[in-house]
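What follows is the residue order along each chain.
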Amino acid sequence: MSVLVEVQGLKVYFPVRRFLKTVGVVKAVDGVSVALEKGETLALVGESGCGKTTFGKALLGAVKPFAGKIYFDGQEINSVDDRQLEAIKRRIGAVFQDPYSSLNPMFTIYRIVEEPLVVHGIGSPKDRKETVFKALEDVKLVPAEDFAYKYPHMISGGQRQRVAIARAIISRPEFIVADEPVTMLDASIRVEILLLLREIQRKLGLTMVYITHDIATAKYFSDRIAVMYAGKFVELGPTKDVLKNPSHPYTQALIDAIPDPDPRNRLSFRKVVGGEPPSLINPPSGCRFHPRCPFFMQGKCDASEPPLYSVGPDRFTACFLAEHQS
Amino acid sequence: MLLRVENLFLYYESERGIVRAVDGVGFELGTKETLSIVGESGSGKSSLALGLIRLPPKNTAKYAGEIFFDGLDVMKLSDEEFRKKVRLNGIAMVFQGAMNTLNPVIPIVKQVAEPLIQGFNIPKNEAHQKAVETLSYLGIKPEMASRYPHEFSGGMRQRVAIAMALVTNPKIVILDEPTSALDIITQANIMNLLKKLKNEIGTSYIFITHDLALASELADKVAIMYAGRIVENGPAEKIFNSPKHPYTQLLIESVPTLRAERVPKFIPGAPPDLINPPSGCRFHPRCPYMIKGKCEREEPRITTVDGDVRVSCWLREEM
Chain F
2 MSVLVEVQGL
12 KVYFPVRRFL
22 KTVGVVKAVD
32 GVSVALEKGE
42 TLALVGESGC
52 GKTTFGKALL
62 GAVKPFAGKI
72 YFDGQEINSV
82 DDRQLEAIKR
92 RIGAVFQDPY
102 SSLNPMFTIY
112 RIVEEPLVVH
122 GIGSPKDRKE
132 TVFKALEDVK
142 LVPAEDFAYK
152 YPHMISGGQR
162 QRVAIARAII
172 SRPEFIVADE
182 PVTMLDASIR
192 VEILLLLREI
202 QRKLGLTMVY
212 ITHDIATAKY
222 FSDRIAVMYA
232 GKFVELGPTK
242 DVLKNPSHPY
252 TQALIDAIPD
262 PDPRNRLSFR
272 KVVGGEPPSL
282 INPPSGCRFH
292 PRCPFFMQGK
302 CDASEPPLYS
312 VGPDRFTACF
322 LAEHQS
Chain B
2 MLLRVENLFL
12 YYESERGIVR
22 AVDGVGFELG
32 TKETLSIVGE
42 SGSGKSSLAL
52 GLIRLPPKNT
62 AKYAGEIFFD
72 GLDVMKLSDE
82 EFRKKVRLNG
92 IAMVFQGAMN
102 TLNPVIPIVK
112 QVAEPLIQGF
122 NIPKNEAHQK
132 AVETLSYLGI
142 KPEMASRYPH
152 EFSGGMRQRV
162 AIAMALVTNP
172 KIVILDEPTS
182 ALDIITQANI
192 MNLLKKLKNE
202 IGTSYIFITH
212 DLALASELAD
222 KVAIMYAGRI
232 VENGPAEKIF
242 NSPKHPYTQL
252 LIESVPTLRA
262 ERVPKFIPGA
272 PPDLINPPSG
282 CRFHPRCPYM
292 IKGKCEREEP
302 RITTVDGDVR
312 VSCWLREEM
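Protein chains in written order, with my numbering: chain F, 2 to 327; chain B, 2 to 320.
Hints should not be assumed to be uniformly reliable.
Derived pair list, reagent style DSBU-like, types lysine-lysine, alpha-carbon separation capped at 35 Å [as the list claims (entries may be wrong)]:
# : chain 1 : residue 1 : chain 2 : residue 2
1 : B       : Lys-59    : F       : Lys-151
2 : B       : Lys-111   : B       : Lys-131
3 : B       : Lys-266   : F       : Lys-204
4 : B       : Lys-266   : F       : Lys-130
Rather than coming from a laboratory, the hints here were simulated on the basis of the structure.
Generate the whole structure from the sequences, applying the supplied hints.
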């Protein structure tokens, strides 16, 4: 296997302005490294405000990093010239959370799906037509003729997300960033869209980053999982291993917080950590989870930042508890 | 029975036609009992809540049915009687996104005390005292009570919203997606809090949610709503462990589970349009057990099976 996307020490900071002065920075992503193998799906899991969406945007080249490097197939996307960047962007697709606002309401489905081909100047109009119909069939909007000339408001939320997926795969990308692609959809169709994404990903051999707050869906639709807290990866490893045997207290807390449908749940209290995720302007010192952590060690966790310790095959955790394990 | 609802209808006018949001719904709720109403978006579950507290929106086309609460025929009460006997300390509601509807320029303690002062003519300082007690019971320290909403996190503001509903000691609290805008861990905290209230105060809850797993955190009984109707209603154990309606079965199978090893399935198709719902059983176009010539023609009646599970499905009727 070879690496398609590699992120090294990525930091994305946003200035906080009050009137015209910069009064601070939001450290949305603060030193993250990961390498994605070709054909792999990485789930990026975290609560709102942990920086997962910003990380996804950085991968798409939509925000400039403050520091760090992002390599796509060996090329660093923030140091290539515009023409090379365009060529790279052609090889990357995106699916966003809200299928109600990410599709232009004035365009037909056909035009929405065709757009990336037009922008990148791929194919003649006749070739494009064939490609668009093929993509609509790939996402099971069949018969494609029935959907192609409808407008977004005429189709359901699940169908819109299929259109968004068709648009993302139309230029035959190698890499897809899917940011909460099913969060806005109804429970009964979420799994359908995820299975479709999985099927397309396998068929086309795509590499994918699946950004979600829902660790339960990550279980079924990813090979590896990265748990993010306050701008940092706290745990990284194969999905099954991480969920079965989490090594970071925050991962454990996330898992404990999620109920399975079970009528016995009401009879007992759920084990849960207190507090709220910290501000990214003034994150806590040391380990950012220390104020909420049940295993907090004074003088250690609040004094210095834990590095990512290796805790098993392909598994990493940023917790001092693992210091002697590695 | 503390609350009994029969044949409740709530239709809306829209440009495209009449939206049949609540279409003949009936259920019962006992004292100290929690009923969870579970349905997908557009199934009419929030409209049902509005119907229960006599708050039909302006574009209502039809609002009818019978609601008996604590011996009162709610639909026949005058507005003034309804306000005094039901709204003030009978049925309280925590609306969806309530944490974002707090007044930003009034300290939270004043907002929580307001129904006591306005509705019960309780002296101001006494009302404040009660508000502070309620807030502190919900985990907001007395020294925080005079702060403004923007000084609180989402989870804390949701606690304030719950305090506003509980301060008048209502008999029933309707919770409409009380945690849907919160993070997972904060959500678990609020659910623990609601469990504590349920055990200690003994209020009855109607807990409206789209999330079956979350419903199981609180529900003694579960009612599954589909396209404006309750398709199955029964004790939580029976609904989760041996669902009778195909929709309930498929909905449970569609939930990705963290602990159990099973691949989630999905329900083909999409929930129907409430302007033109399908004929017969409204689930028939998506149902794998559809009986041709029957399900799409006639509406299934509500049958009682397995002792106390009420289900409307032709499969159950034939058994």
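Status of each hint after checking the structure:
no. : hint                   : in the structure
1   : B:Lys-59 to F:Lys-151  : holds (32 Å)
2   : B:Lys-111 to B:Lys-131 : holds (11 Å)
3   : B:Lys-266 to F:Lys-204 : holds (20 Å)
4   : B:Lys-266 to F:Lys-130 : holds (33 Å)
Hint check: no violations occur; every hint is consistent with the structure.
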